[in-house]
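There are 2 protein chains.
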Amino acid sequence: MKVCLLAKIKTEILDPQGKALEASIHRLGVETIRNVRVGKVIEFEIEGMTKEQASTKINELCEQILINPLLEDVSYEFKD
Amino acid sequence: MKVCLLAKIKTEILDPQGKALEASIHRLGVETIRNVRVGKVIEFEIEGMTKEQASTKINELCEQILINPLLEDVSYEFKD
Numbered sequence: 001m002k003v004c005l006l007a008k009i010k011t012e013i014l015d016p017q018g019k020a021l022e023a024s025i026h027r028l029g030v031e032t033i034r035n036v037r038v039g040k041v042i043e044f045e046i047e048g049m050t051k052e053q054a055s056t057k058i059n060e061l062c063e064q065i066l067i068n069p070l071l072e073d074v075s076y077e078f079k080d
Numbered sequence: 001m002k003v004c005l006l007a008k009i010k011t012e013i014l015d016p017q018g019k020a021l022e023a024s025i026h027r028l029g030v031e032t033i034r035n036v037r038v039g040k041v042i043e044f045e046i047e048g049m050t051k052e053q054a055s056t057k058i059n060e061l062c063e064q065i066l067i068n069p070l071l072e073d074v075s076y077e078f079k080d
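Taken in order, these protein sequences are the chains called A and B. Our numbering applies: residue 1 is where the first sequence begins, and numbers increase by one. Our numbering applies: residue 1 is where the second sequence begins, and numbers increase by one.
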């Protein structure tokens, strides 16, 4: 079972990488792009579990290692 | 119009960050997770264009600054 997990910096928290990228885009003359935010996409395969068991395990791993719950919001979906 | 763009390291290219994360997950005792890959999610708003115009502009920006086309595959979708 394939999992696609998105970790996005919470909207109330400043995203310096997004700000820097937005400034670079504007320097290229594209002023119509705004509110650039940069996060992580983590993809992996998880085997030998039901979706419910996998969700429990992924939620545990989010707390432990996958994201920073103070700074990032997480969402994920199963594929296949 | 909101855009969610995913930049993923091409499957044939080694992803050291994904490998390191996978090793950490295994050290936490979760051996059932494999093929971890880490990429970027870039979200932004783009205004004053049709979806076709926006796609053209985003494709240009992908070549110029958003991703490294030698290393990364890109996909994006419009929201709203």
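Because the hints were derived from the structure by calculation, they are not lab data. Treat the numbers as computed from the prediction; the structure is a model and nothing was measured. Hints may be right or wrong, so weigh each one.
Identical chains share a label here; the pair holds if one copy fits it or two copies do between them.
Calculated pairs, DSBU-like style, for lysine-lysine (alpha carbon to alpha carbon, straight line, at most 30 Å) [stated by the list, open to error]:
id : residue 1 : residue 2
1  : K51       : K19
2  : K79       : K10
3  : K40       : K19
4  : K57       : K19
Quick rundown of the hints versus the structure:
no., hint, in the structure
1, K51 x K19, "between (37 Å within a copy, 24 Å between copies)"
2, K79 x K10, "both (25 Å within a copy, 18 Å between copies)"
3, K40 x K19, "both (16 Å within a copy, 15 Å between copies)"
4, K57 x K19, "between (33 Å within a copy, 19 Å between copies)"
Of the numbered hints listed earlier, not one is contradicted by the structure.
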